[in-house]
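From just these sequences and the hints, can you work out the full model?
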Amino acid sequence: MPRFKVLKGVAHNVGDSFTSLMNYSVDDYSMGHILRLARETDLDTLTIDFMTEKGQPAALFRDPISELPRRYSKVFWDLVARSGSDRSLVQFATLTLKYDLQSSRPGPLPEATQSPYTCEVSILDIRGKSYSAHFSGWWHVERLNAHHWWNPLSWFRR
1 MPRFKVLKGV AHNVGDSFTS LMNYSVDDYS MGHILRLARE TDLDTLTIDF
51 MTEKGQPAAL FRDPISELPR RYSKVFWDLV ARSGSDRSLV QFATLTLKYD
101 LQSSRPGPLP EATQSPYTCE VSILDIRGKS YSAHFSGWWH VERLNAHHWW
151 NPLSWFRR
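According to full-length UniProt numbering, the stretch in the sequence shown is residues 1 to 158, in order.
Watch out, some of these pointers could steer you wrong.
Said to hold, decoys possible - In the DSS-like style, the derived pairs of lysine-lysine whose C-alpha atoms are separated by at most 25 Å in a straight line are:
id, residue 1, residue 2
1, Lys-8, Lys-54
2, Lys-8, Lys-129
3, Lys-129, Lys-5
4, Lys-129, Lys-74
5, Lys-8, Lys-98
6, Lys-74, Lys-54
7, Lys-54, Lys-129
8, Lys-8, Lys-74
9, Lys-98, Lys-54
10, Lys-74, Lys-5
11, Lys-98, Lys-74
Derived from the structure by calculation, the hints contain no laboratory data.
In structure tokens form, the structure reads like this:
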């Protein structure tokens with residue numbers, strides 16, 4: 001029989017994974033890509049709806065992280081199943097990440113300033129009980145410039 005209680009752990013695990021160093025996309029951590037796009041667009045909050053596998057606003061889900069909502073929805077539902085619960089018990093599930101773009105502090109590199117973030121994972125089961133996990137910290141963009149090493153024309157230039 002599927003269990004409800006494990007949904008608290010699912011919320012924690014998916015949020016921990018999302019904000020961890022294991023969440024890497026192409027040439028920077030996904031959190032770094034999101035911060036870079038947030039600074040470019042002045043949009044400080046993103047939400048992934050695990051029920052629809054969609055992320056908003058679209059401006060924060062450009063390449064190379066355009067598949068992040070679908071990928072993390074798959075991670076979420078896999079965690080639900082592996083924890084002994086079931087998709088049918090979940091009525092609502094989201095991850096919301098917010099950067100404070102007005103605050104900053106020096107990062108490990110002079111040009112890599114850090115911004116604080118909060119990440120909230122919320123799950124509502126079919127009985128109306130909510131489960132949530134909260135994460136906070138500081139992040140910086142590691143990909144400072146686009147890398148063009150894959151362009152064969154640039155291999156022979158000095």
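Taking the hints in turn, this is what the structure says about them:
{"no.": "1", "hint": "Lys-8 x Lys-54", "in the structure": "22 Å, holds"}
{"no.": "2", "hint": "Lys-8 x Lys-129", "in the structure": "10 Å, holds"}
{"no.": "3", "hint": "Lys-129 x Lys-5", "in the structure": "10 Å, holds"}
{"no.": "4", "hint": "Lys-129 x Lys-74", "in the structure": "23 Å, holds"}
{"no.": "5", "hint": "Lys-8 x Lys-98", "in the structure": "21 Å, holds"}
{"no.": "6", "hint": "Lys-74 x Lys-54", "in the structure": "12 Å, holds"}
{"no.": "7", "hint": "Lys-54 x Lys-129", "in the structure": "23 Å, holds"}
{"no.": "8", "hint": "Lys-8 x Lys-74", "in the structure": "18 Å, holds"}
{"no.": "9", "hint": "Lys-98 x Lys-54", "in the structure": "17 Å, holds"}
{"no.": "10", "hint": "Lys-74 x Lys-5", "in the structure": "20 Å, holds"}
{"no.": "11", "hint": "Lys-98 x Lys-74", "in the structure": "22 Å, holds"}
In this structure, every one of the numbered hints holds.
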